[in-house]
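Reconstruct the complex from the two isolated chains, following the hints.
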Amino acid sequence: MFGLSALFLARFQFAFTVGFHIVFPAFSIGLAAYLAVLEGLWLKTGRSAYLDLFKYWLKVFSVVFGMGVVSGLVMSYEFGTNWSAFSQKAGPILGPMLAYEVMTAFFLEAGFLGVMMFGLNRVGKGLHFAATCMVSIGTLISMSWILSSNSWMQTPRGYRIDEATGRFLPVDWWQIVFNPSFPYRIVHMGLAAFLCVAFIVAGVAGWHLLKARREGRQASEQVRLMFSMAMWMAAIVSPIQVLAGDTQGLNTLEYQPAKIAALEGDWESESRAPEILFGIPDMENETTRYKIAIPYLGSLILTHSLDGKVPGLKDFPKEDRAYSPLLFFSFRIMVALGMLMVLVGLWSLYLRWKGKLYDTPLLHRVALFMSPAGFLALLCGWVTTEVGRQPFTVYGLMRTADSVSPIALPSIATSMIAFIVVYFIVFMGGITILLRTFAEEPHPGEHGPAEDQPQRAAGTTQVSHQPPSGPTAGAGMAE
Amino acid sequence: MTETADFWLPVVWALLAATAIFLYVCLDGFDLGIGILFLKEKDHDHRNLMVNTVAPVWDGNETWMIFGGAALYGVFPVAYGTILPALYLPILFMLLALILRGVSFEFRFKSESPMSQFFWDSSFCGGSIVAAFMQGVILGTLVQGIKIENNVFVGSSFDWFTPFALFCGLAVVIGYALLGATWLLWRCEGELHDAMRRISFVLGGLMLVTIALVSIWTPMLHTTYMQHWLDMPQLALVAPVPVAVVVLAAALFLGLRNPRSHLLPFIATLGLFFLCFSGLGINVWPYIVPPTITIWQASSPPESQTFLLVGTMFLLPLILSYTAYSYYVFRGKMSAGHHYH
Chain R
1 MFGLSALFLA RFQFAFTVGF HIVFPAFSIG LAAYLAVLEG LWLKTGRSAY LDLFKYWLKV
61 FSVVFGMGVV SGLVMSYEFG TNWSAFSQKA GPILGPMLAY EVMTAFFLEA GFLGVMMFGL
121 NRVGKGLHFA ATCMVSIGTL ISMSWILSSN SWMQTPRGYR IDEATGRFLP VDWWQIVFNP
181 SFPYRIVHMG LAAFLCVAFI VAGVAGWHLL KARREGRQAS EQVRLMFSMA MWMAAIVSPI
241 QVLAGDTQGL NTLEYQPAKI AALEGDWESE SRAPEILFGI PDMENETTRY KIAIPYLGSL
301 ILTHSLDGKV PGLKDFPKED RAYSPLLFFS FRIMVALGML MVLVGLWSLY LRWKGKLYDT
361 PLLHRVALFM SPAGFLALLC GWVTTEVGRQ PFTVYGLMRT ADSVSPIALP SIATSMIAFI
421 VVYFIVFMGG ITILLRTFAE EPHPGEHGPA EDQPQRAAGT TQVSHQPPSG PTAGAGMAE
Chain U
1 MTETADFWLP VVWALLAATA IFLYVCLDGF DLGIGILFLK EKDHDHRNLM VNTVAPVWDG
61 NETWMIFGGA ALYGVFPVAY GTILPALYLP ILFMLLALIL RGVSFEFRFK SESPMSQFFW
121 DSSFCGGSIV AAFMQGVILG TLVQGIKIEN NVFVGSSFDW FTPFALFCGL AVVIGYALLG
181 ATWLLWRCEG ELHDAMRRIS FVLGGLMLVT IALVSIWTPM LHTTYMQHWL DMPQLALVAP
241 VPVAVVVLAA ALFLGLRNPR SHLLPFIATL GLFFLCFSGL GINVWPYIVP PTITIWQASS
301 PPESQTFLLV GTMFLLPLIL SYTAYSYYVF RGKMSAGHHY H
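These protein sequence lines are chains R and U, in that order. Residue 479, in our numbering, is where the first sequence stops; the numbers in between run on with no holes. Residue 341, in our numbering, is where the second sequence stops; the numbers in between run on with no holes.
For reference, chain U alone in the conformation it holds in the complex (with noise of 0.2 Å):
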């Protein structure tokens, strides 16, 4: 019984993490988008309407992300006390990123004059584009490896310093600008539309080249990730994501060519995001600080993780449906005024 519970308490656990955390990086991804699309789009009015439709939700997406650290924190107290010293510097550029970056969501409305305006627009989106590729580089030295002794952190302040990681920054970059991107072309019409649609394209080609060379890479790191690939049962799991991704690329660019379609780009998207995020997740298990502490030994103890998971399972339903609602009540086209009509 208790053997049982032992096994499958973190594994529904990881299961649960792994969901939050791609809930986040889906709904955080577009707005942390829109501030790296603050790059291309210079245009005041533009800009506005961008933040605008990520301004009723926008502390709601940020919320997953402080979900994730108290649930690593209570669920795999090992994992969050090994990592987070491991990560230190691009963890907490990271915070200080969105700190900024989220202030100047409110900010940048209430400033007057055109310099403050000016400041506010830049650490917005020089905010979303730290973030993001900080959280890429985070994911890149997890996958690449911890060194850990005794379930405390023995590497250096730069481990994370490696072309593997930097590229898995910059691969994220482009990932969550396509899909602010796509969201923002779903979301708004006229010219902004048009241009989203256009930058699309670019976006698109660039992150089917990414996803490309970390496929290639990922495995070359690991002996352990390239049996992924080899051997049978795990074969079988893996072997649909390459043919599933060709498919979703395919439905990206069909529907970034058809004008009359707004939703498909985004939803092709999420879809992409979902499988590499499976991707990378199949090629770590069962590791959660890869190359050595498993989601077992990561574990707090049952008594600790049963009485998360039974308001969890109450909580995460209701969480998701006020959440819904909450993007339900602000649905609809955006437009900054009659010109667009």
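Looking at chain R on its own, in the form it has when it is part of the complex (with noise of 0.2 Å):
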């Protein structure tokens, strides 16, 4: 008892940390794209406003990846705090992917980023553009190492295990790195971060569209600008999301039969299986009370014929099943809103031909209501992943309460309380600095981070010799 309750915070913070650490991540990753495509943009076509909106973003840029790095750090330790049997068996297989994200993908980040975001008058434009593209490749690669990494926790292949320590030994890296729901997971995932970016780049657009509106006057360049590109993404990439998580849940049904039946709420298997969408799966009694359950469509979605047959929960042991009501729910909030988005954005792209984009103040409202979206469809999303894994870490084959280190109950209890009071004064300074960035409207001649505070540019400030500055690139030093 005393066991089961430090594993249950041993999850619980593994849960709590590594949810508001995703969030981070996919924000960046999303962004740098939105960068680099913004600078790409403005050195091409010349048009200032894109260079308006790249500074205007690189702001929210410094604070999310600052966040990312430093809730990030904590990930890369906690396997070892809280997993560290599940570290020593698995070590030799994800350390070294790991450890490859960081040498790949951080240090490339990292090291560029001082240059994106305080360099523009310091390297030139061509390098600087070099220097955004590289945050930008760097957060896509560090992406790939670590769905990699969970892939392999989900679909393991290319291992051996070792039968005097019991340990994971590498066979074949190429297998373990490609292995098989990895293909699936990096397209569902950057769509997914690309989405959750657009979505936050409508609603602020769509907030300064109202205001602008209930002030009588017309929004400027950048905003119209930014809410059309927001658009275009919502009418495009939500339909290819759609896709993509359609050839997962495949993907899944053929590897991990469990998790399907399990987020689905069906206990018996069955062909020509209805689709629940809504009921309160019942794991004491094996059965999904309340059903509302459409006749064929569950085969339907799943097989893509009427008489699939589709897996249900009684098909596994019940100490290997996951947690059905909590997956049943992720899941279905992921799909609506996924649902949600691709109608944005065909609404967007019926207004658009109309011509009436920027005069229709409901989907302005709608985009700002909407702006979350993208990060609570991945969090379910993600939810929906790892917790139909579980009683696994490495699917199938190691058990997540054997996984556990030896960590007492009084410990991990107190490091749970630091870690929700740090967070959450964290998480409101973050919130409240991007709700202030944002309340500002995107302007011609926008400033930088580095001309945005006079300290932080006087800071930046050479004594000794002033590089060659482009004196087109903005507002210049402050001196």
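A few of these clues could be false.
[To be verified] Below, in silico cross-link-like pairs of lysine to any residue (SDA-like), each with a Cα-Cα straight-line distance of 20 Å or less:
1) R:K211 to R:Y358
2) U:K40 to U:E191
3) U:K147 to R:A408
4) U:K147 to U:F164
5) U:K147 to R:S411
6) R:K314 to R:Y358
7) R:K309 to R:Y358
8) R:K125 to U:E191
9) R:K125 to U:D231
10) R:K125 to U:Y322
11) R:K125 to U:Y328
12) R:K125 to U:Y325
13) U:K40 to U:L206
14) R:K314 to R:G279
15) R:K44 to R:K318
16) U:K147 to R:P406
17) U:K333 to U:E41
18) R:K318 to R:V387
19) U:K147 to R:A85
20) U:K333 to U:L263
These are calculated hints, taken from the structure and not from any lab test.
Structure follows, in structure tokens:
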């Protein structure tokens, strides 16, 4: 009983910290790509609104990236503090992948971040754009390694188990890295990160469009430009994301059928399975209560045929089942949000065609309301895939209960409270600052982070000699 | 063939890991030091200037810590899986402190009211102190030894709460503050430069005292550590260390006394850190979790170590070169405005 509670707290703590963390890398991945696109378009077209938007979102990036670094730092040690048994066994496989992530990506991002943030006047446009691209590529490589490790835990390949120590030993790194669920996961997560940022951008733009309308003026060119870009993303990427999600579902059905059964709330394996729209899965009595179901749809979605066979939870031993009530809802919330995004995208296409994209307050209000939708969907998706892997850490091979560290309950309880307090402060601080940044309308001659705060700009003033700085590039140094 | 690989791979990795940790200590050392120096330096403009000297590079500095964790996980999973639970509380408090200080870094520039400015300044300073102190405690606890049976930590949650480990915590706080002060002395001018020069004298003296105490204390912890100072082949390795400490200490104080010398104190402090670090390394060798687990016992299989080594050979020089480039771009003295010229 005592051990169980420590296990529960270890899981809760890990879920809490990783859930907090994932928001920021997702934000960084999407935002870095957006920044690279903005700067590229500025260099190509010379339209200054792109540069203004670049500088506007760069201020946001510095906050988001910093929060990602520090919350990621926690993750790289928490495997050991909370899951030492798992680390010792799976370390030979997962450790090198994480180390590669840091070496190929994290250093790339952090190394070029300074130049990207403060270097526009120091290194010239071309090099600066290269730095921005490096940061963006870094975030994408980083995501690839992390998702590869996670996918290996879901669909392990290319390993053997050492009999003496019980450790997972690498046999074929190619198979380990490109394990069966990895390609699907990376597409799904990458698109999710882009959508997260697209909807944040749309929300900020929507708010300024509404504000301008209330004040009886036209919103700035920058606001309209970013709203338009975000709506293109919603219209194009959301439907692709639905397809990507569907293929990942098929992949999961093939390799982790128990997860599918749990997230669908299906107990009996059957052909021509209905799709349960709503219900409350009951693990104790092996049934889903208050069902509202559509006949055949379950088979159709999961197997793309009306009489395809869909697994049920009763196919699997009781001790190997994931907790269906949680999965059932996290999955449905994710799907519902995805569908809403598709609708917003389609609607924006229609309004764009009609020439009313900037004159439809209802769309702007919906965009504002939906700004956290990407992140909510992302978190629900991760809950689905991670809780769906339970009760294993390495799917089918190592149980979560056997993975935990020998840490005492009081220690983990103490640190849990400390984590909640610190993360609460940090999150509130971050949100306040982001909202304050968002409250300012992006405008012509936007200042970047370096010029934004006089103190900070003054700090990067050189005394020895001034390198050639582009007089065209923004406000210049504060001298 | 495999015999030699089994022997040498962990040795190479131990050296690489030591290099990464040392780089972390140097790089994050001075930026944590800047936070610690907030205790002394209350002036708002000065504080901004101090933080600005590291603003473009601090994310990169912290990344070495992430790398250390990931490499340990991949290359010495047994060490990773025993040290971290053993040091659970100090490590989590260090991480939390690093979080608070990391976000304060960004937030303090963006806060508007004096209240929130004060809050984020305090958490920047407090976070830096706690992180530095906990790093010292972690080091001290490791050196003093961890209770292990069958590769599982069997000690209690507060094994780290000993005079030696706590003293090591204090020593690291002092050391980082000195590193920060000499860094600022190099990168700034005017009043702040002068203030840092003055405080470096005090911190330099304190650091030498702590080095002396830890050096005497460490060999008394374990007989194996003592042996290193008595047996011949090891003695040849460790004997130059105290001599070099004296030379570098002299260089530090000469540099501090000479108003035209700007870079020397920082270099001398880095040298002192290097000596302390290698001195501890020699003491602990070949254990990675003293006093029971050696680097060979802690290793992941050669397949894992080779896989990672191949990439590291290419990537580490690359990382070092663009890190150097980033420092180069932001080189030169910082100033708060015209009144410093």
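Hint check results:
1. Only pairs whose Cα atoms come within 20 Å are accepted, and R:K211 paired with R:Y358 is accepted, the gap being roughly 12 Å.
2. Our distance criterion of 20 Å between C-alpha atoms is met by U:K40 and U:E191, whose separation comes to about 14 Å.
3. With a C-alpha separation of about 15 Å, the suggested pair U:K147 and R:A408 falls inside the 20 Å cut-off, and the hint holds.
4. With a CA separation close to 16 Å, the supplied pair U:K147 and U:F164 stays within the 20 Å bound.
5. Between U:K147 and R:S411, the direct Cα distance comes to roughly 17 Å. Compliance with the 20 Å bound is thereby established for this hinted pair.
6. At most 20 Å may separate the alpha-carbon atoms for a hinted pair to count; R:K314 and R:Y358 exceed this at roughly 53 Å.
7. For the hint linking R:K309 to R:Y358, the alpha-carbon distance of about 48 Å lies beyond 20 Å, and the restraint is violated.
8. A threshold of 20 Å between alpha carbons decides the hint, and for R:K125 with U:E191 the separation of about 35 Å lies outside it, so the pair is violated.
9. Restraint check for R:K125 and U:D231: not satisfied, since their Cα atoms lie roughly 60 Å apart, outside the 20 Å limit.
10. A threshold of 20 Å between alpha carbons decides the hint, and for R:K125 with U:Y322 the separation of about 18 Å falls inside it, so the pair holds.
11. A distance of roughly 17 Å separates the Cα atoms of R:K125 and U:Y328; the hinted pair therefore holds under the 20 Å criterion.
12. A distance of roughly 17 Å separates the Cα atoms of R:K125 and U:Y325; the hinted pair therefore holds under the 20 Å criterion.
13. For the proposed pair U:K40 and U:L206, the alpha carbon gap of about 16 Å is at most 20 Å, so the pair holds.
14. Distance restraint check for R:K314 and R:G279: the Cα-Cα separation of roughly 17 Å lies within the 20 Å cut-off, and the hinted pair is therefore satisfied.
15. Of the supplied pair hints, the one linking R:K44 and R:K318 is violated, its CA atoms being roughly 60 Å apart against a limit of 20 Å.
16. With a CA separation close to 13 Å, the supplied pair U:K147 and R:P406 stays within the 20 Å bound.
17. About 19 Å separates the Cα atoms of U:K333 and U:E41, which keeps this hinted pair within 20 Å; it holds.
18. Between R:K318 and R:V387, the direct Cα distance comes to roughly 15 Å. Compliance with the 20 Å bound is thereby established for this hinted pair.
19. Between U:K147 and R:A85 the CA atoms are separated by roughly 16 Å; this keeps the pair inside 20 Å, and the hint holds.
20. For the given pair, U:K333 sits about 11 Å from U:L263 by alpha-carbon distance, which is consistent with the 20 Å threshold.
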